[in-house]
Amino acid sequence: MKFLAGEFDVAVIGAGHAGIEAGLAAARLGCKTGVFTINLDAVGNCPCNPSIGGTAKGHLVREIDALGGEMGKAADDCFLQIRMLNRGKGPAVHSLRAQIDRRKYSERMKHTLELQENLELRQAEIVSIEKADDGRWVLLTRLEAQYIAKAVIIATGTYLGGKVYIGDVSYESGPDGMFPSKFLPDSLEKMGMKIRRFKTGTPARVLKSSIDFDGLEEQEGDEPVVPFSYDTENPSENKIKCYISWTNEKTKKIILDNISRSPMYSGKIEGVGPRYCPSIEDKIVRFSDKQRHQLFIEPCGIDTEEMYLQGMSSSLPEDVQLEFYHSIKGLEHCVVMRPAYAIEYFCADPIQMNSTLEFIDFEGLYGAGQFNGSSGYEEAAAQGLVAGINAALKILDREPLILDRASSYIGTLIDDLVTKGCNDPYRMMTSRSEYRLILRQDNADTRLTPIGRKIGLIGDDRWHRFNVKQELIKAELERIRKTVISPSEAVNSILRENGTSEINTGIKLVDLLKRPELSYDALKDIDETRPDINANIFEQVEIEIKYEGYIKRQLTVIEQVRKLEKKILPLNINYENIEGLRLEAREKLNKVRPENIGQAGRISGVSPADISVLVIYLSTLKNKSAEEKE
Amino acid sequence: MEKTVAAISTANGTGGVGIIRISGENAKEVADNVFVSVSNKKIKEMNGYTATFGKVYDDGEIIDEAIALVFNAPHSYTGEDVVEISCHGGLYVTKKVLRAVLKNGASPAEAGEFTKRAFLNGRLGLTEAEAVMDIISARGEQSAKAALSCMEGNLRKRINAVRDNLVSIAAHLSAWADYPEEDIPEIDTDNLADSLENCRLKLSSLLKDYDAGKVIREGVDTVIAGKPNVGKSTLMNLLSGCERSIVTNVPGTTRDIIEETVMLGEIPLNLSDTAGIHSTDDPVETIGVKRAKDRVKNAGLVLAVFDSSKALSDDDKELIELLENAPALAVINKTDLKTEMDIEYIKSKVKHIVFISAKNGQGTEELEKEVADIVGTSNLDASQGILATERQRSAAESALKSVNEAIETVRLGITLDAVTVVVEDAINSLLELTGERTTEAVVDKVFHQFCVGK
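Each protein sequence line maps, in turn, to chains A and B.
In terms of the numbering used here, the first sequence has 577 at position 577, counting the first letter as 1, and numbering is strictly consecutive.
In terms of the numbering used here, the second sequence has 421 at position 421, counting the first letter as 1, and numbering is strictly consecutive.
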């Protein structure tokens with residue numbers, strides 16, 4: 001029998017990486033928040049790789065942290081090894097990546113939710129959501145409990161209509177053997193939402209003691225440890241090593257010989273898999289000229305012997321898996337504890353949403369994470385945070401948070417999703433941002449913490465520390481612009497050592513730093529007035545100085561683009577009726593319903609000619625409304 | 001209600017007829033203020049799609065004889081009431097008529113305004129609007145050919161060749177940065193610099209061709225210089241292909257030929273200030289030469305006319321000195337008469353020389369060929385795809401600038417993420433060029449590319 005079990009401001013369906021950030025943000029902003037999960041032991045689970053961060057994903061974690069989210073802090077609490085990827089490739093692409101203890105991470109997140117004021121964590125499967133007459137949403141659980149909420153955030157991950165595939169075998173399931181959310185998809189379709197099937201996959205976990213580590217390349221963490229969170233002051237140490245091995249001709253042959261037994265290739269799976277995170281069989285088929293592929297062997301935690309085989313996800317039958325894993329150096333006798341599997345699930349087409357992640361057609365309904373077509377924990381958390389913040393802001397009758405592409409990778413991610421949509425699980429990459437040199441992981445706080453503060457997710461302590469840091473950066477920039485280095489043998493010998501031309505008149509310190517050959521560190525002996533401050537301040541100052549020209553260039557572009565973003569398109573335009581638009585453009589515009597001209601211009605299939613039609617249309621709208629006022 | 005606007009709706013200077021279009025609620029009233037038909041019928045009383053012959057007045061003074069054509073809203077080009085006054089072609093007269101119209105109640109139409117109004121009133125789709133533009137601005141055959149091959153065919157191919165190079169550079173750089181854990185090949189900076197250099201060369205040649213292409217599209221500013229009575233007017237008439245009514249024997253009238261465009265083969269010559277023509281009554285002949293001096297300095301082409309039946313005077317010699325480093329052609333006229341002139345002297349000073357008889361029309365082919373040589377169009381193959389507009393040129397130029405900067409960034413040893421963003425800037429400029437990417441520049445300029453009037 002149905003019964004009313006509770007009322008919330010914000011209800012979050014799912015307690016994965018998106019659901020956690022959504023729930024915490026809404027609760028922290030003062031909304032009464034309920035977070036529902038199918039299984040309380042799966043809160044903040046990492047059903048795929050035991051790591052947080054990576055290229056561009058590390059940027060996302062820093063940005064989440066800068067806005068007041070939880071992921072970075074939890075990763076700092078639970079990491080086993082941390083590395084800055086891409087050192088030497090330039091500051092724009094430096095990315096933090098941490099191996100984490102996945103059990104510990106899950107517990108840490110669950111506990112955080114449990115302790116959070118205004119937040120109730122419940123184990124319940126939501127089977128339907130419906131709009132009540134008063135505009136609020138009614139959620140029904142499998143046990144017929146009804147919850148009423150002003151806003152609902154769907155963050156169902158791979159649970160939504162989940163189906164696992166291993167070779168010929170398939171069964172309805174969520175990740176890691178959890179049961180799936182079987183009934184909710186019907187309810188969503190009934191309300192008129194467009195959903196479709198995506199798939200993803202994960203590699204096997206193998207027993208550590210069965211691996212022969214002799215001759216495998218070792219990979220250690222960075223010293224000193226650089227943490228994700230701007231709050232973490234004394235991070236712990238690296239605790240584990242990872243290992244690198246390679247597939248070979250034999251692996252390739254085994255896979256190719258058995259490719260017909262893959263559900264992807266036999267056509268059993270209809271869902272679209274991630275292009276940017278392919279299974280080993282995909283890699284071998286698509287890059288057939290490549291002799292070998294790299295894989296990483298990573299511990300899943302401190303208190304477990306399970307090792308994760310990054311780069312080796314598969315949906316081939318278990319017997320084939322055993323055969324090809326055993327063909328790999330170091331894994332010849334490995335015991336597979338959990339086989340690799342593919343999982344297919346329902347997700348929404350994100351072009352149905354606007355930049356707040358609210359569905360355009362369903363007021364008060366938001367989506368985040370894999371449900372929105374993305375892939376990855378960090379992508380999920382980023383959206384969860386934005387959806388949670390916006391649901392709360394709406395309930396509190398405050399201005400929404402819209403992050404534009406120039407502000408952050410989070411903004412870029414959301415803009416890509418709601419503007420271009422996605423045809424396969426969307427993974428963040430540095431190449432997705434046209435403003436890479438500005439959206440760096442080292443300055444995420446400068447870019448976003450003032451926004452987090454304004455929203456109300458940055459406490460006084462953090463805010464104070466932020467301002468102190470900004471002052472230090474400013475002061476240091478000023479100092480190096482004023483400081484003059486006089487020519488002397490000491491100075492010139494250092495310049496010589498670093499392969500740059502000597503000076504014979506005084507030169508500003510800033511001009512020396514601009515030379516590509518010279519670093520902050522190289523100049524330390526001749527920089528007598530250098531203050532004793534945190535190295536990350538020098539790092540940021542150095543980047544700002546060395547890349548000044550490139551940064552300025554990007555800022556100019558940003559300024560121009562923002563002008564187009566200021567030209568707002570009303571949501572109720574029927575593009576079918578606008579003379580002069582090409583058919584394809586009308587169709588696409590009606591689907592995406594862009595918020596402004598800038599966004600409209602990024603829709604594929606909308607040409608600059610169409611944009612000029614829109615600009616003119618807008619100006620006639622304005623003239624009309626001006627006339628009406630007269 | 002939109003204000004009534006007017007502009008010259010024929011391309012500057014070309015054609016025997018110039019049309020001044022007036023569009024808007026008061027178009028007919030404005031036209032009645034300046035135009036008096038021979039039948040004395042008011043334009044206001046005329047039916048749509050009828051024409052009447054009459055005279056255009058400015059402050060009571062006759063400017064020209066003209067035909068007025070009336071269109072009623074909404075069945076006009078712009079969808080508004082429209083009156084078109086067709087007068088004698090040539091910029092000077094049409095401008096005078098326009099000035100009269102503007103004095104009598106119309107505002108000047110902004111660039112592309114008629115087309116914009118047509119578009120807003122649902123009379124024209126945007127693609128049509130753009131096509132209108134192309135037809136208007138294409139003057140000669142080669143120019144039309146270039147316009148046709150412009151975006152669809154060869155130019156796009158040419159640009160895409162560069163773009164594909166740049167995209168593959170950017171793709172490699174991105175994969176290398178985004179997949180540090182896959183074994184993506186390392187970036188070899190020497191190869192990278194070579195690939196970028198290759199792009200630089202292609203873009204430079206694209207820009208070089210634009211200058212030659214521009215001559216074909218927009219014409220070359222041409223000065224006809226020479227002493228009085230060497231045949232400058234006759235040469236002009238020869239170039240125009242007919243004796244223009246405006247060139248009369250009445251002293252002073254020739255003075256009015258300030259600007260005129262004539263086609264020499266494929267090349268439009270914008271004849272500006274036919275210095276010397278009006279100085280016949282001038283006591284000091286050198287004034288003509290002195291004016292020529294200033295003009296010659298700025299001209300894109302100088303046609304220096306000499307009378308071969310007379311010996312070289314000091315003035316001739318002074319002119320010849322001026323021609324030495326100028327884009328000049330010595331036109332030796334009156335070859336039908338006995339030669340008295342020291343031809344060798346001219347040949348020793350001026351690189352390009354041609355012999356004509358303006359009176360008999362002999363030598364025009366050679367003239368054409370020499371001019372093409374001088375302005376650099378003789379080696380231009382328009383079907384190869386050349387940049388057509390200033391917007392395209394500036395997009396190509398900013399792509400080149402970015403490529404240069406990328407080369408410099410590699411050379412300085414700055415990290416490759418900086419190279420990547422600059423390469424992407426170059427790609428974006430090219431996408432803007434081919435109309436595949438929306439930028440503020442595109443949105444802003446879309447109507448400013450439209451020729452005033454149409």
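By construction, these hints were calculated from the structure, which means they are not laboratory data.
Keep in mind that a hint or two might mislead.
Stated by the list, open to error - Using 20 Å as the maximum straight-line C-alpha spacing, the simulated DMTMM-like pairs for lysine to aspartate or glutamate come out as follows: (1) A/K241 <-> B/E186; (2) B/K401 <-> A/E548; (3) A/K290 <-> B/E436; (4) A/K239 <-> B/E436; (5) A/K420 <-> B/E436; (6) A/K241 <-> B/E181.
Quantities reported herein were computed from a predicted structural model and do not represent experimental measurements.
Query raised in the report: Is the straight-line distance between the alpha-carbon of A/K290 and that of B/E436 20 Å or less?
Result: With Cα atoms ~34 Å apart, A/K290 and B/E436 exceed 20 Å; violated.
Report task. Measure nothing beyond the straight line between the CA atoms of A/K239 and B/E436; if it is 20 Å or shorter, mark the hint as holding. Result -> Status violated; Cα separation ~51 Å.
Report task. Mind checking the alpha carbons of B/K401 and A/E548 for me, to see if they're no more than 20 Å apart? Result -> 17 Å, holds
Report task. With a cut-off of 20 Å on the C-alpha distance, tell me whether A/K420 and B/E436 pass. Result -> 15 Å, holds
Query raised in the report: Holds or violated: are the alpha carbons of A/K241 and B/E186 at most 20 Å from each other?
Result: Not OK: A/K241 and B/E186 at ~25 Å, beyond 20 Å, violated.
**Report entry** Pair hint A/K241 and B/E181, alpha-carbon separation not exceeding 20 Å
**Finding:** 15 Å, holds
Checked against the numbered hints above, the structure breaks hints 1, 3, 4 and satisfies the rest.
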